[in-house]
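**Student:** Chains as they are written, first to last, in our numbering: chain A, 1 to 350; chain B, 1 to 330; chain C, 1 to 286.
Some hints here could point you the wrong way.
Derived pair list, reagent style DSSO-like, types lysine-lysine, alpha-carbon separation capped at 27 Å [unchecked claim]:
#1 C:K48 to A:K7
#2 C:K113 to A:K13
#3 A:K77 to C:K142
#4 A:K77 to C:K117
#5 B:K161 to A:K46
#6 B:K161 to A:K291
#7 B:K126 to A:K231
#8 C:K113 to A:K24
#9 A:K22 to B:K288
#10 A:K118 to A:K106
#11 B:K126 to A:K13
#12 A:K13 to C:K169
It should be emphasised that the hints constitute simulated quantities derived from the structure, not laboratory data.
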Amino acid sequence: MSTTDIKIPAPGKPWQASRSDKLKSFLTVISAGIFTFILVNVTPLKGKLAYFILFFISVIVFEYIRQRITRDSQAAKDSVLSTLSILGIVLTLIPIFSIVLTVFVKGYKGLHWQILNKDMALASVNDPIEAGGLLHAVLGTFLLVFVALLISFPVGLLTGIYLTEIRGTLSRPIRFLVQAMSGVPSIVAGLFILSAVIYPITNSLSGLMGSLALTILMIPTIARTAEEVLKLIPDDLREAGVALGATQWRTVAMVVVPAAKSGLLTAVILGIARIIGETAPILLVTGGADKTNLNPFEGSMGSLPFYIWKAFLTGGTEQSIARGWAGMLILLIFIFILFGSARYISGRRS
Amino acid sequence: MALLEDRVNSVPAPRELTTKPRRSDQIFRFVVTLGGMSSLVILGLIALFLSIKGIHILNEKGFSFITESRWEVVTDENQEVIQSTFGIGAMLVGTMLTAVIALFVGVPISILGALYLSFYASGRVKTFLVSLIDLMAAFPSLLFGFWGFFVFMDSAEYWAKLINKYLGFIPIFQVPTPIFERSPFIAGLVLAIMIIPIVTSISREIFAQTPLDRIQAAFALGATRLTMIRAVVIPYGRGGIVGGAMLGLGRAMGETVAVYTVLNVVYAVNWQMLFGAGGNIASLILLKFGEAGAYEVDALMAAGLILFLLTLVVNFAADFLVNRFGKRGR
Amino acid sequence: MSEENQNQKAMPASLASVAAKHAQKQPGTNPLGTGLEARGVHAWFGTKHVLSDVTLDFAAGTVTALIGPSGCGKSTFIRTLNRMHEFIPTAALAGEVRLDGKDIYAPGTDVTKIRLKIGMVFQKPNPFPSMTIGENVLSGLKLAELKRSNTDDLLESCLVRAGLWNEVKDRLKEQGGSLSGGQQQRLCIARSLAVEPQVLLMDEPCSALDPGSTFRIEETIAELSQTMTIIIVTHNMQQAARVSDYTAFFLSNDGPGLMVETGPTSQIFSAPRDKRTEDYVTGRFG
Chain A
1 MSTTDIKIPA PGKPWQASRS DKLKSFLTVI SAGIFTFILV NVTPLKGKLA YFILFFISVI
61 VFEYIRQRIT RDSQAAKDSV LSTLSILGIV LTLIPIFSIV LTVFVKGYKG LHWQILNKDM
121 ALASVNDPIE AGGLLHAVLG TFLLVFVALL ISFPVGLLTG IYLTEIRGTL SRPIRFLVQA
181 MSGVPSIVAG LFILSAVIYP ITNSLSGLMG SLALTILMIP TIARTAEEVL KLIPDDLREA
241 GVALGATQWR TVAMVVVPAA KSGLLTAVIL GIARIIGETA PILLVTGGAD KTNLNPFEGS
301 MGSLPFYIWK AFLTGGTEQS IARGWAGMLI LLIFIFILFG SARYISGRRS
Chain B
1 MALLEDRVNS VPAPRELTTK PRRSDQIFRF VVTLGGMSSL VILGLIALFL SIKGIHILNE
61 KGFSFITESR WEVVTDENQE VIQSTFGIGA MLVGTMLTAV IALFVGVPIS ILGALYLSFY
121 ASGRVKTFLV SLIDLMAAFP SLLFGFWGFF VFMDSAEYWA KLINKYLGFI PIFQVPTPIF
181 ERSPFIAGLV LAIMIIPIVT SISREIFAQT PLDRIQAAFA LGATRLTMIR AVVIPYGRGG
241 IVGGAMLGLG RAMGETVAVY TVLNVVYAVN WQMLFGAGGN IASLILLKFG EAGAYEVDAL
301 MAAGLILFLL TLVVNFAADF LVNRFGKRGR
Chain C
1 MSEENQNQKA MPASLASVAA KHAQKQPGTN PLGTGLEARG VHAWFGTKHV LSDVTLDFAA
61 GTVTALIGPS GCGKSTFIRT LNRMHEFIPT AALAGEVRLD GKDIYAPGTD VTKIRLKIGM
121 VFQKPNPFPS MTIGENVLSG LKLAELKRSN TDDLLESCLV RAGLWNEVKD RLKEQGGSLS
181 GGQQQRLCIA RSLAVEPQVL LMDEPCSALD PGSTFRIEET IAELSQTMTI IIVTHNMQQA
241 ARVSDYTAFF LSNDGPGLMV ETGPTSQIFS APRDKRTEDY VTGRFG
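Chain A on its own, in the form it takes in the complex (with noise of 0.2 Å):
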């Protein structure tokens, strides 16, 4: 028996579902979108409700029964789980694409080619759209979020540090309040910063103020991503490392953080975007403002929350609306952005 006599058939998959079974399973959703149709047109039962809710019930039911007379009862049941499976994703779907989707035709609205030139120094929220910009809003969120960067992540790479190089008797109760701080309510982020250190100390609202409560919803992100990052890194680097007589913090400095170079990168991306939108502790400590600061120690600070959150709650026209838009759709395009390159840097990496 030799290797060569034998023609090599085609690798197959025949588990996986045949033309027929695809039109079949396709047949059935058709019939009971058709069956929905008659049902709302007759029956009092009306709306985009309606036939949202007797859609699913009609392909559950259909489906049901054509497993039971092409199958079995086991079958049947089956079938009825993966249909509702997909009604829980389709469930979740919907407000994405809406979301999104609001966000683009809405925000259109609201951009001019100078929206990034100008600041509301000299406008108005109700005023006409071209009369301001958002360049204030934006550099403000570039600052608050560079410097509670530079708080975070020194801090949150540290826990992750202890927790994968120190692996100390304290390891499991920090990493129950790593976990306890991320859900601390971004309200009380604010206030923590209003009682600690505005009342007693500075008395003044600023861009820093801003940024330090941010650390403290930035710094559990940081963390937690840190040490999903380091704990990837062989065990046989840190054994290479001391084996050639360095010591930990060489091993660790030299040889461990540089190997998760990359995933350190996205756990700080994943960290700016869980605070670049935060609304809740700036409305209450960075004072807000119209014009352009680039001074976080000194005087009220914008940023692109307080300028959506301004532009709805206190215009009410149609030209404040549409600023409060664009500014989400800017938002949104940022948080696009940072999503994709924290993909994009994983995906590399594997």
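Since the structure of chain A is provided, determine the placement of chains B and C on it from the hints.
**Tutor:** Just chains B and C, lined up with the frame of chain A:
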């Protein structure tokens, strides 16, 4: 006996293996441990400072701070407080009501969606959906709030009317006057939409950890996906799912902006979820903070302290449940 | 059609005599059927061709051992026999596997029914930890939604046949995880028996066990071969020699795994026709 003891005694005591770290490592360990403690320190400081500011209000008002539903302060022309009534009773009820609605709606959808992603979807569809849901988890609450107010409200109001019409005989679905806009029901649905991506991704991660050999053993015994999930995946993941739902609960209870924009904040206990009045603690703080004097700010700090402790308890319970019941069936 | 005839001719002459020997055995809980036949089975993971053109017959009521060095495709092959192969997302397949003459991969086949007829015991004991010992044995009824009138009798007979009854009859309400590794593996065998399969596949069932437990499992296999067709993958050549009627030797030389030689176990171990088989069974490699 003595012989036995001799034998036992003759086993040498294990040598102690100690490595004294070098100076640089000692410093390294100290710094890292300090960083690791940051979460403890920050949580402790939050509790401390909110207490410093708010404790005298809690002392003055006592238990009525939690049971009382009014939030009033009367000042004279010198901004001196003459009389004040602070109570977060109504807001506490509102916090619970909206969060429970969010869980009730959000968790089943999340679990079904996570089952779809783990056991039905495959290949590119799965990768795409997982990224999309993770992306949605990163949407700010501001976005959910204003989308809920401008877009979602109309549909939800219509649903509320339908529920009231057909299920109105159940007390919680009754309304004193037909105002269905900006109700706890709608706020709860927006919160549900907010927590779905979070609970979905936690559930999906837990399902993904189900030992493959058990799944295969079930299939090798002729299981369908339904019976396999019931016999293997659910017993394994139960604790984790409950924990994930609790985290969702914590998030829903602490939400400020989305509730503030969607809900009509009113200071009265309202259990009738379809009626357009309610609130939660976080939205109370945001609403009152703007025009609050020093004394009222302290009361808001006390409310914040209670909210903080509440979320800590929920998180603690989540952790406990995951560890206690998560081990069963593992 | 002509290919099929060739395959039938390729069957070793002595198969008939062994099949006759087994035909006299008592029928089992389920009719033994006419056995399992693999016809030109190829398997892939992604683009990697891991198993090439395996044609092999498993006569009803016989024990067949699949031996060969690791990575030779024998585990992949056994997983194609009850359609467990398809769990790996990149997996692909060609060829046919016939049970009682019907292709188990034919369109419209209900895969859950196939797996009921062709049971499987895995390398590592994997009782369901959320269930008691008794529930574990009967879990197949729940999973496949089968109705049985007298489950107590079924429970006892499965545990007796798996050689575990005496050890666990007083602790059926305890968790499956409380048993030792060898007992757990026999519990898994008992679990497979409860759904009354025609064929039992065993993928290195003893590799995680101590010698005493291994011995008990081998006894169980000998018992079970009275009533069902057994196919066992093993690394241990002595085990193959002890438990099996037939042996098939698999080998892979950098390419896909092949079945080099098959025949009655005594022949494979005493007078193999292929040089590579001889080298392997005499311990020159592997």
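**Student:** Against this structure, judge whether each hint is valid.
**Tutor:** Here is what the structure says about each hint:
1. C:K48 to A:K7: holds, 16 Å
2. C:K113 to A:K13: At roughly 19 Å apart (the allowed maximum being 27 Å), K13 of chain A and K113 of chain C satisfy the hint.
3. A:K77 to C:K142: holds, 13 Å
4. A:K77 to C:K117: The given pair, whose Cα atoms are some 21 Å apart, holds under the 27 Å limit.
5. B:K161 to A:K46: holds, 13 Å
6. B:K161 to A:K291: violated, 45 Å
7. B:K126 to A:K231: holds, 25 Å
8. C:K113 to A:K24: holds, 21 Å
9. A:K22 to B:K288: Answer violated: K22 of chain A to K288 of chain B is near 58 Å, above 27 Å.
10. A:K118 to A:K106: With a Cα-Cα distance of about 21 Å, the restraint between K118 of chain A and K106 of chain A holds, given a limit of 27 Å.
11. B:K126 to A:K13: Roughly 19 Å between the alpha carbons, so the hint for K126 of chain B and K13 of chain A holds.
12. A:K13 to C:K169: violated, 44 Å
Consistency with the previously given hints fails for numbers 6, 9, 12, ordered from lowest to highest.
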